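Model the full assembly from the supplied sequences, consistent with the hints where possible.
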Amino acid sequence: MDRYFGRFGGMYAPETLMPALLEIEEEFCKLVKDEKFNQEYEYYLKNYVGRPSPLYFAKNLSEHLGVKIYLKREDINHTGAHKINNCIGQALLAKHMGKKRLIAETGAGQHGVATATVAALFGMECEIFMGEEDAKRQFHNVQRMKMLGSKVRVVNKGSKTLKDAINEAMRDWSETFEYTFYLFGTAAGPHPFPTIVKYFQSVIGKETKEQIKSLEGRLPDYVFACVGGGSNAIGIFSAFLEDHEVKLIGVEGAGEGIHTGKTAATLCSGSVGILHGAKTYILQDEEGQIQNTHSISAGLDYPGVGPEHAYLKETGRVEYVGATDKEAVDAFLLLTRLEGIIPALESSHALAEVIKRAKMGLFKSSDIIVVNLSGRGDKDINTVLELWKDDEL
Amino acid sequence: MNLIDERFERLKKEGKKAFIGYVTFGYPSFEETLGFIKLVYSYVDILEIGFPFSDPIADGEIIQKASIKALSEGVKLSHLFESIEKFKKDKPVVLMLYANTVYKRGIDRFFESSKACGVDGVIIPDVSFEESFEFKEAAEKFGVTYIDLVSISSLERAKMIGKQSKGFLYCVSRKGVTGFKGQIEDRIFTFLRELKTVTPTPLAVGFGIKGKEDVQKFKDLADGIVIGSAIITKIDEGKDKLEDFLKEISESLKDK
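Note that the protein sequences, when read in sequence, are chains Y and D. Residues in the first sequence are numbered consecutively from 7, following the working numbering. Residues in the second sequence are numbered consecutively from 1485, following the working numbering.
Derived by calculation from the structure, the hints in this document are not laboratory data.
Using C-beta positions, here's what the derived DEER-type ranges look like:
{"hint": "1", "chain 1": "Y", "residue 1": "Gly104", "chain 2": "D", "residue 2": "Glu1697", "range": "31 to 37 Å"}
{"hint": "2", "chain 1": "D", "residue 1": "Met1485", "chain 2": "Y", "residue 2": "Glu292", "range": "32 to 38 Å"}
{"hint": "3", "chain 1": "Y", "residue 1": "Glu320", "chain 2": "D", "residue 2": "Lys1647", "range": "33 to 39 Å"}
{"hint": "4", "chain 1": "D", "residue 1": "Glu1727", "chain 2": "Y", "residue 2": "Lys268", "range": "43 to 49 Å"}
{"hint": "5", "chain 1": "Y", "residue 1": "Glu292", "chain 2": "D", "residue 2": "Lys1647", "range": "35 to 41 Å"}
{"hint": "6", "chain 1": "Y", "residue 1": "Ser277", "chain 2": "D", "residue 2": "Ser1526", "range": "37 to 43 Å"}
Please read these numbers as outputs of a predicted model, since none were measured by experiment. Where a beta carbon is used, it is the ideal one built from N, C-alpha and C, also for glycine.
Take a look at the structure:
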């Protein structure tokens, strides 16, 4: 199994963790070829997660913006986001490996909730690491995880957000890997996680491709997805990477603006470095210290990005741009009002870029656009309420 | 012969074990750090200086806190290089820092500057053996010893790494991060014995060694002992306490 995507990726991990990572790689390689495992995974995707998720034609939004827009409804999945696809897959892998305990990091809480959910489903012990800032922002998700029977370890070190939750989870794992499986939530981290997460999220792209062909008889012109670590984006992009006529756009959390210093737009304003096990783009200062990030969306508030995205940026296959907090909130409100769908603030960034381009007249009226609606926005209502004024629309 | 090899040779002849002491550069403050570093240097056989990183995943709470404090003091790599030049004598100095600090400076440029200021060896705890080759190549080019780490979590890998190791082999005595939690597991002794059979490189044991009693346990099996978190804790207690501790460890390693 290749550790690298071009010059990105790798296994930059403490020696203590290497046997654990190599064991996961070996078991994963075996399992993906195992028909019984794949049948079990698909069974849960269909009957527990609720797949396939619809590809919904957003008629009102399309009319409003003058271009045909489809939404891949990952928000309809059980637990409310794409995260569950990966969690079911990795939890089955963990079970197969005989691990009794799951640990996971979470930013917005969606991955934490999904991990706590599969732990309940499969009867495993579970502990979720969450930065103190994020735990405050996502109070309800913290309560959900606890109700599901998981422990939540609030991390009050560093910037108290996702990167610190990952650091702490890695530390725990290096001590407990004999009985613990680290259920990594995004397509980042040391090999083999980027490949594993992509594998389990590629269902999004496969379904989208079939659905759009059956609805429109052809491939879309554009696919938009938000990028924090990049798991939903790599999931939907994966099916279209060889279809060069499909333009793939990854939208990062630009915070107050890409060049303001208050941003989480790693690919747009970062540089190549090594963080959390992989060589990839990161937000760092001149000395190589990791910078604090800012995004209104806890799920995008990460100074790194999956190494395959770094590769796709460098090869030019995917275009990466940033949407600001304000643009994301505007998009959140617009979709809510026009379609009765409350999107996650993460997904709102992808929508914001579509809105921006439509307003600038960058689409042809015949264009078909797919936006990966990676999750639902119930968890973000408090955040939006701080900014929302009801005369804004 | 480089200073690290020379030091181990000499200690072997004298029937002694190496005392490898760790300090975080920039701790407890920008002004005081050099004083503490010099004090530790005067007692140890090999000085290990940790350069702080914002996200130190291989370190436990004590070194992590020290790193955060040191970063808040505004320390830079150039300050570290300048400081080493000021005190370096005939005892080896080894840097411990994270991959991104080296990568950001440029791997070649980093090893070139390290050599120029008197660094003898470099330890990068988040670079696995698999990813170490570009770092090793640059280290060799500029005459700096690249120190490999091995972990109790896999004897098989430790043997593979040990066969190619240079300077000393840093043996992580317990699962997890730096700093002491619980008892040292007995299997470390079998691990060291087995490792000895495949490599002539001196073995240095670290992670979780907190005092004289732990040192005694390893004296017959290891060629050196690394003490980090315990030194940082003593720095917090002041120079006198630190000096007493360094004396005690140093003497216990020299007892036959």
